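Q: If you want the building blocks of each chain, they are given just below.
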Amino acid sequence: MNKQERLLTYSGNALLYGFLGVLFVVTFFPFWQIFILSVNDGTDSLRGGFLLWPRDISLDSYSAVFSNPEILDSVKVTLLRTMLGVPLSIFCIALLAYALSKKELVFGRAINLFFIFTMYFSGGLIPTYMIIKSLGLIDNFLVFIFPGIINIFWMILVRTFMEQLPRELEESAEIDGANDVRIFIKVILPICLPVLATVGLFSAIYHWNAWYDSYIYTYKPDLKTLQAVLVKILNQYQTGDMLNEAQANASKRIPVTSESIRMTVTMVATIPIILVYPFLQRFFLKGMLLGSVKN
Amino acid sequence: MKASAQPSQNKLTKKVVKQRYLYLMLVPGLIWAILFSYGPMLGLYMAFVDYQPSLGKFWSSFLGSKFVGFDWFSYFFAGNDFYLVMRNTLVSSILTILIGFIVPILIALSLNEVRNMAFKRVIQTVSYMPYFISWVIAANIFVTLLSADGVINELLKLLGLTKESVLFLQEGKYFWGIVASANTWKEMGYSSIIYLAAIASINPELYEAAKVDGATRARQMIHITLPMLKPTIVILLILAVGNILNTGFDQYYLLGNSLNREYSDVIDTYSFRYGIQNGMFSYASAVGLFKSVVAFILVLGVNSAARRMNNNSLF
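Residue numbers (UniProt numbering), protein chains in the order written: chain A, 1 to 295; chain B, 1 to 315.
Please keep in mind that the hints were generated in silico from the structure rather than gathered at the bench. Here the structure is a predicted model, which means the values were calculated and not measured. Treat each hint with caution, since some may be false.
Where chain A lies over chain B, by a calculated footprint (3+ residues, C-beta under 8 angstroms) [claimed, not checked]: (1) 103–114; (2) 125–132; (3) 211–220; (4) 286–294.
Beta carbons: idealized from backbone N, C-alpha and C, even for Gly.
All chains, please: the whole structure from these sequences, using the hints.
A: See the structure below:
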């Protein structure tokens with residue numbers, strides 16, 4: 001390598017690692033900032049300044065958040081909908097995917113199209129609201145479960161997986177006299193565990209992150225999910241209630257401000273996603289890759 | 001003809017009977033699709049009547065509403081709101097495509113050059129993270145960073161670029177840039193996966209041959225990796241253009257406020273405000289239907305364009 005080439009390699013590497021370094025800061029720092037503001041003393045944060053590290057560590061806003069009945073209830077509702085919604089979703093999606101994966105299904109192509117069409121055309125916000133209302137799902141816990149029980153993208157992921165299974169698996173069971181239901185439960189479900197786990201993670205994240213259904217379709221305070229409560233807190237902040245309150249608090253010098261509460265609730269809503277993240281990387285990214293390569 | 005049609009029909013019935021359990025498995029999915037997808041589509045009749053929510057029972061007053069044809073549509077197209085929401089929808093979408101489309105390609109190309117696996121994993125892990133959090137969390141993060149005493153303003157002051165805090169979310173002119181950056185931030189790491197997969201499928205012999213010819217890493221990137229990525233890039237760009245009206249609702253609703261509405265109001269938030277908040281269900285349905293139809297035609301057109309380019313349908 002001559003001198004010029006070496007210089008070129010060095011500057012190329014500098015550019016490369018510089019870009020990836022910026023990428024790291026841009027994605028990581030916002031989360032870090034929220035974390036710092038959630039563990040820093042609320043009144044101290046009002047002084048402003050560049051906070052890279054907590055100046056005055058205080059867990060008061062965490063104890064305030066975890067002793068707030070509204071937030072505790074919302075965590076309960078969110079956990080409940082996740083625990084009920086995920087297994088139901090996996091089961092219904094697997095059923096649908098299995099039936100649609102059968103090449104010999106009479107009218108199979110038409111039925112497939114019937115489902116695919118729903119991905120490309122929707123009635124929109126208002127007619128959906130009307131249907132939810134006329135089904136009696138307003139202010140009903142089931143509104144968290146049924147409308148989102150099936151997702152056609154995930155169904156296609158499972159269907160593709162099932163279509164690639166060797167035919168012989170089912171044939172030997174058929175010879176033993178097993179019907180489609182038995183084959184589905186005894187043969188197909190166990191083999192599909194990896195892809196169903198992927199769908200389960202997708203679904204768990206969907207339920208944990210969902211805010212719109214709780215925000216729009218429920219009025220009762222005991223049906224608000226954590227994300228819906230966080231939207232309420234954000235709205236209060238945006239409309240300026242927080243500003244006045246923050247000024248009032250600054251003079252009183254109390255450790256918790258509505259701003260530090262907002263940061264803490266944001267953290268509480270983020271942490272579960274971070275916790276399932278290792279599993280996500282293992283199953284779901286692999287699954288996504290499979291789907292994307294096929295496309 | 002008749003003689004042969006009869007047995008084949010019998011055969012069909014037999015086949016359906018034999019597949020009865022499969023049809024039974026379709027039932028939950030069918031009920032879901034009919035109730036929550038096709039139901040709302042039928043409910044779009046709302047857009048062609050003058051529905052008054054105050055009149056008694058929902059179904060009787062809905063079906064008994066006065067038919068007004070395309071009146072709501074012409075009302076929407078004639079008003080100034082149409083221009084505003086279309087402008088906001090298109091400009092913020094195009095801006096998102098401009099920024100959000102290039103960054104994932106750069107990320108994939110850069111990650112592909114990194115030889116240190118641990119470093120690569122850290123960057124990947126961190127950059128995928130924003131994709132998995134909700135827009136509610138993302139909006140809270142952006143509101144915090146962009147606030148008057150937030151990090152961005154502190155940084156601008158430190159660099160001497162501004163003396164007074166910039167009110168990013170209160171002044172509408174910044175909104176399109178903010179939403180395009182937020183979209184990019186949330187999606188860039190995740191979107192790079194598809195390019196990384198495409199790079200991984202490039203035949204390694206091409207690189208071997210280039211090395212023999214003495215091509216540097218930079219030259220390999222420009223002359224092998226990029227041309228091999230071109231089909232993927234073109235397909236994804238076409239798809240992005242097809243989804244230009246599907247801006248998403250969350251980020252506009254959550255980052256928007258009454259001060260920046262002139263710039264933050266897109267078709268979805270507009271329809272939401274008029275329908276759910278102001279009770280003008282028929283008008284809001286018409287606005288939503290306009291979007292659904294145009295978006296559907298765009299996606300279909302784009303699909304056939306992609307099919308022609310790739311001989312491979314996206315359906």
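Q: Does each hint fit the structure? Answer for all of them.
A: To see whether the hints hold, each was checked on the structure:
{"no.": "1", "hint": "103–114", "result": "holds (count 6)"}
{"no.": "2", "hint": "125–132", "result": "holds (count 7)"}
{"no.": "3", "hint": "211–220", "result": "holds (count 3)"}
{"no.": "4", "hint": "286–294", "result": "holds (count 4)"}
The structure is consistent with each of the numbered hints, conforming to all of them.
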